[in-house]
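Each chain, written out:
Number of protein chains: 2
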Amino acid sequence: MARPDHGARTARSGSTRRQFLLGGAVAGVGAAAAVGGDTALRAAAGETPPEPLNGDRTVPFHGTHQAGVATDAQAHGLFVALDLLDGTDRADLVRMMRILTDDAARLTQGEPALADSEPELAVAPARLTVTFGFGPGFVERAQGRGPDWLRPLPAFGIDRLDPQFCAGDLLLQIAADDPLTVAHAARMLLKDTRSFAAVRWSQQGFRRAHGTERPGTTMRNLFGQVDGTSNPVPGTADFDRVVWSDAGWLFGGTGMVVRRIGMDLDTWDRLDRGGREQSVGRYLGNGAPLTGREEHDEPDFEATTAIGFPVIPEFSHVRRARGEPHERIFRRSYNYDDRPVGAAISRSGLIFVSFQADVDRQFVPVQRRLDRLDLLNEWTIPVGSAVFAVPPGCAEGGFVGETLLT
Amino acid sequence: MARPDHGARTARSGSTRRQFLLGGAVAGVGAAAAVGGDTALRAAAGETPPEPLNGDRTVPFHGTHQAGVATDAQAHGLFVALDLLDGTDRADLVRMMRILTDDAARLTQGEPALADSEPELAVAPARLTVTFGFGPGFVERAQGRGPDWLRPLPAFGIDRLDPQFCAGDLLLQIAADDPLTVAHAARMLLKDTRSFAAVRWSQQGFRRAHGTERPGTTMRNLFGQVDGTSNPVPGTADFDRVVWSDAGWLFGGTGMVVRRIGMDLDTWDRLDRGGREQSVGRYLGNGAPLTGREEHDEPDFEATTAIGFPVIPEFSHVRRARGEPHERIFRRSYNYDDRPVGAAISRSGLIFVSFQADVDRQFVPVQRRLDRLDLLNEWTIPVGSAVFAVPPGCAEGGFVGETLLT
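In order, the protein sequence lines correspond to chains A and B.
For the record, in the first sequence the residue sitting at position 279 is 279 according to UniProt numbering, with numbers rising by one throughout.
For the record, in the second sequence the residue sitting at position 219 is 219 according to UniProt numbering, with numbers rising by one throughout.
Hints may be right or wrong, so weigh each one.
Since copy identity is lost for identical chains, a pair holds within one copy or between any two.
Claimed, not checked - Result set (SDA-like, lysine to any residue): computed pairs, CA atoms no more than 20 Å apart in a straight line: (1) K191 to A105; (2) K191 to T291; (3) K191 to D269; (4) K191 to G87; (5) K191 to D92; (6) K191 to D297; (7) K191 to D338; (8) K191 to A344.
Hint data in this document are derived by calculation from the structure and do not stem from the laboratory.
Working from the sequences, and respecting the hints, build out all of it.
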C-alpha cells in the first residue's frame, strides 16, 4: 500500500495494547477472558486483521524536529494557546515541559497519559502529533533570548483582530485523523498545564478525513480553492531550507504563524466562477494557474491576452503572494466552520498556519504585499494572529524546550 | 472486504464525475486536457484505483425510510434546527421540501447541488446522509395533525435547559465521514431554506473517524463509556418494531429526540475507576455488565455479592434505564467538545439522539426513571431538548414530507 506517510507507521503493538487495556478491567474482578471484540480474538489466534486501521497508525514523537510540521497534515487540528500564570518561574517551565513531553510521547504512540482518566480513549492514536510552540512571554519567563521575529506581526490594514484569537505564551498544536483522539489528548495535556498556565484561546479546524482523497491531494478551503499548491515538499532540501531554523536554541526548530481568517462565503457566493478564478489566478477546477493546465505548472506571469492584458491579473492572489526567492513559507492550514449567528448562513474560515525559519524575512514581506493589494481581501478578514517559536524535537529521556531551558 | 454498510455502496461513477467536474472548468477556457490528479488519469487509462476511497462511498437517498437513521453512524454529525419565517405558508413548505429533497438527493450521491457555488466540494460524499425532522410548528403550518408525542418533552428535574438548544420547526441532520462534506452540504441546504426559515440552533458532533475502529464497535463517549450497547440492530425485526412508525403520514417514519447533555469531565475525573463502573453498571474496559464478561452479555439484575448486595447497583444507569419490554429506543448520539471558557479544562458532552416510533411510550418512561435516580446525573446536565417527527423517505420524483403536505 503506497501511502506517503512522512514518518507514519502502523503501530505494531496495537492488538496487544488493546488486549492489555481491555483485559485489565475484567481481570481486576476475577473474570477469565480478555475481551475486546474481534481484535483481541484475532490477536489471540495469531491472525492478521483484515486491513490496517487508520486508528492504529502512529507518527514517531522523538527526533531532531518536532512532529506535526513535516507530517502529512491530519484531518483534525486543535490549536490551544495558553498564558503562563504569574507565579510560574523558569524551574516550573522545565517541570511543565517535562510532563507535557512525557504525556505527548505516550499519547502519540497510543498509550494512555501517565494519570490518564480515560485510558480506553487513548488506544487509537490515528497519527496523533503534539507540537509545542513558545510565544515571546514564554522565552522571557525562561530568561532566554528569542529570535528577533518572535513578536506580534506588524499591523496590517486588512486586520480586524479580536484579542481572543491573538498572542499566547505557549501553543499546543494537537492533530490526528480522529476527532475523539484529539479531544482526549487535549484534555490530558491541559490537565498537565493546569498548575502553570491557563487557556487563552483555542481553535478547532478540519481538513478532508483520512481516506476521503488520495494522499498528496492539495487541500481545498471552504471557498473551494486548492490551498497550498506552491508548498515546499517535506523530505526535500528545499523544504529543509524554508522551514528549519539553524539559530541558537531554535536549531532544528522553526517559526510558526497562526492567523484566523474569516471567510465571507455569503458574499463570495455572489461572484461568478470567472471572477473567482481571476481573483485567485488559478482555475477552481484543478488549481492550475490561469496560464497552465496542471495544478503544479509554474504560473507564467509574463503571459498576456490577445489584447495585451496579463493572463494572471495584477491583483490576483497568486501573483501578489509571489516575491523574492527567499520569501517562501510552508502552509499547513485548517478550515473552521463555527455555528452561524443571527441571519448568517455560515461563520467559516481558515486557521492559516505557516512554518518558516525566519518569520520576518520569509512571511512578513509576502503578507505586506497581500495587505496592499490582493483581491481575495474582499472576502477575507484576519481576526486572529499569533507567532510562536517551535523548538526542535528531543530524544527519548529529553524534553521539548530543553535547548532553551537547560 | 466485509464492511456492514447498511446500504452503503461505493459510487461507481466517482471517477467519471470528478473527471467531468474537474475537466469542465478547464474546457470552459479552451484548455485541452481534463485534469484531476491521478484520479482522472487512472480513469482515462481504464485502470482501477488502488483502493476504494472512503470519500466515494454513498448511502442511497431514496427509499421507504429516510437515510441517516438505520445508517451505520458516520463520523461527523451536524444538527441544525430552523424556525419557519412568519410568512411561510403550506405552499411554501411544499416548495421548500421539494428543493431540499432535490439538493439532498444530489449531494448525498456526490453531485453538486442545483446552484452549487463550490461544486468541487461536492465530489466526496463520504456516506453523506441528510435527514429531515418536523417540529410541532412545521406540522401546524402544514395544517396537518402530528402524533400526540410531537411536543416538548415533560420537564425533568435534572434539566437546565438553555432555549438556544431547544425546540425548532425543522431539523436537518447532516452526517458524513468527512467534515468538509458536512460543512459544504450544510451551506448548500441552508441556502435553500433562506427564503422560508431561519437557523434557530446548530450543534456539531463527532464519533470515531471512519477507519479508526472496526465496523460494529460501539461508540465511546467522552466519559470513556461504551454508549449504545443495548441498541436494536438495524436490519432486524426488533429494530423495525422499535424505530419505525405505522401511524398516518408518519408511516415509515419515526420519532426523534435530540438532547444536548453537558458532561462535567472535570469532576468525573475525581471519581475512581470502581466508582465509575458502579455508576454505570458496566465495566469501562469493554462495556460488559458488572455481572458479565462481554459487552453484549445480558445484565443479571438478580445477582448479589457475597454479603447480599446487588452486583449491579440500584442507582446504576444500566439498571435505571431498563424498563418494560416496549420501553426501548435506538440511540445514535454524537460527542461534542466546545472551546472551554475561563478556567475550565473542557466544555464537552453528548448530543444525545434517539429514534423511536412513539416518544411518549418508549422514551419518556425511561427518562422519567433516570430523572428520579441515576448516579450519572451527578456528572451530566441536560441543556438542550427537542422532539421531531421524521417523515418517511420518498421515491425518485417525490419529496420528503409529501405524506404530510399532499
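Now the hints, each set against the structure:
| no. | hint | in the structure |
| --- | --- | --- |
| 1 | K191 to A105 | within (16 Å within a copy, 45 Å between copies) |
| 2 | K191 to T291 | neither (52 Å within a copy, 34 Å between copies) |
| 3 | K191 to D269 | between (42 Å within a copy, 10 Å between copies) |
| 4 | K191 to G87 | within (17 Å within a copy, 51 Å between copies) |
| 5 | K191 to D92 | within (15 Å within a copy, 52 Å between copies) |
| 6 | K191 to D297 | neither (47 Å within a copy, 35 Å between copies) |
| 7 | K191 to D338 | between (25 Å within a copy, 16 Å between copies) |
| 8 | K191 to A344 | between (36 Å within a copy, 10 Å between copies) |
Hints 2, 6 from the list above are not met by this structure, while the remaining hints are.
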